[in-house]
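Model the full assembly from the supplied sequences, consistent with the hints where possible.
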Amino acid sequence: SATKTVSLIKTFRGISARDYDYIPPNAIEGETTTIHIREHKCSSKKSNDSTLIEVNNTTLEYLTSSLSTKLIPAVYLSAVLLGVPSNAIILWMLLFRIRSVCTAILYTNLAVSDLLFCIMLPFKIAYHINGNNWIFGEMMCRTTTAVFYGNMYCSILLLTCISVSRYVAIVHPFTYKSLPKRAYAIAVCATVWTFVFLYMLPLCIMQQSYYVKQLDIYTCHDVHNACETISSFQFYYYISLAIFGFLIPLATIVFCYVSIIRTLKTHEWFWYVKVSLLILTIFAICFVPSNIILIIHHINYYYYNTDGLYSFYLIALCLSSLNSCLD
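Sequential numbering of the sequence shown, starting at 5, is according to our numbering.
Check each hint, because a few of them may be wrong.
[Stated by the list, open to error] Below are the DSSO-like pairs computed for lysine-lysine, each with C-alpha atoms no more than 27 Å apart in a straight line:
| # | residue 1 | residue 2 |
| --- | --- | --- |
| 1 | K278 | K181 |
| 2 | K278 | K217 |
| 3 | K185 | K269 |
| 4 | K74 | K181 |
| 5 | K74 | K185 |
[As the list claims (entries may be wrong)] Derived DEER-like restraints, expressed as beta-carbon distance ranges:
| # | residue 1 | residue 2 | range |
| --- | --- | --- | --- |
| 6 | L99 | M144 | 27 to 37 Å |
| 7 | K269 | T68 | 52 to 62 Å |
| 8 | T267 | A191 | 24 to 34 Å |
| 9 | N134 | F274 | 41 to 51 Å |
Derived from the structure by calculation, the hints contain no laboratory data. All C-beta atoms, glycine included, are put in the ideal place defined by N, C-alpha and C.
As structure tokens, this is what we get:
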């Protein structure tokens, strides 16, 4: 009797229905009906078909697990409940209490970024509580994904700018006094927002929402079609994002605070040691796990065609949401 075989799609990297070819029994030897996947041959024509025939068991387990439907939304909810009031208070203090113009501008932009993130986060919470079923449409999925990543890298870059500002003020005080601080702060913040906006554009262009037939749900940023974009572009995009948005800023922050501590007298160390440890703690909790796993995951996927770390990356990405209440 005829049998049907369907190739399992790799975890979190699905192949859409249009990338399958049906071969009739009389076209091949034997009695086996086969559905096979075109390897590395993606249609150049646009299609609205976002159906995924199959995802493997690891993906199904993640999409239906308590981790993704209970724990992750609980972390997001905590970030919203703590982030909204704390950032609102910080904004009020910055507008009416802080006298340093440069500091106020930098921290105001950081608080605004965190508030925008908290406003978008309820959509992610509803998505996970609803069994990882996205009901808000493709464009909202793209926007939420871009804001999610944008907040992380905007926070990193603004924390870096704050560290550089402190470094110049303490290590090079005469240079700092001669700088037009208001213009400097505005220009730096404008550059950061422009950089983040341009880097988030690919996430707004790539399709993010896909229908998983096995579970009858639409996922958002959890399952991707391998043929939606050129894999080499995805690889270089995410790797460059981690390098310019994380590794270089982290090295800059470490350099700044080491230089500050070396410049200050012994009795003045304590406060800056605390500040340094606080910022490095934020990095360790919120940014290091997600970005390190991001680099390893895309290297493994690009060179070895394996993606076993992606579920861990999504968990680490969840922890990055805590930056909105820790900044």
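Hint check results:
1. K278 <-> K181: holds, 25 Å
2. K278 <-> K217: violated, 51 Å
3. K185 <-> K269: holds, 26 Å
4. K74 <-> K181: With a Cα-Cα distance of about 51 Å, the restraint between K74 and K181 is violated, given a limit of 27 Å.
5. K74 <-> K185: violated, 46 Å
6. L99 <-> M144: 27 to 37 Å: 31 Å Cβ-Cβ, so the 27 to 37 Å window holds.
7. K269 <-> T68: 52 to 62 Å: The hint (52 to 62 Å, Cβ to Cβ) holds, given that K269 and T68 are roughly 58 Å apart.
8. T267 <-> A191: 24 to 34 Å: holds, 25 Å
9. N134 <-> F274: 41 to 51 Å: Holds, since N134 and F274 (Cβ atoms, about 48 Å apart) stay within the stated range.
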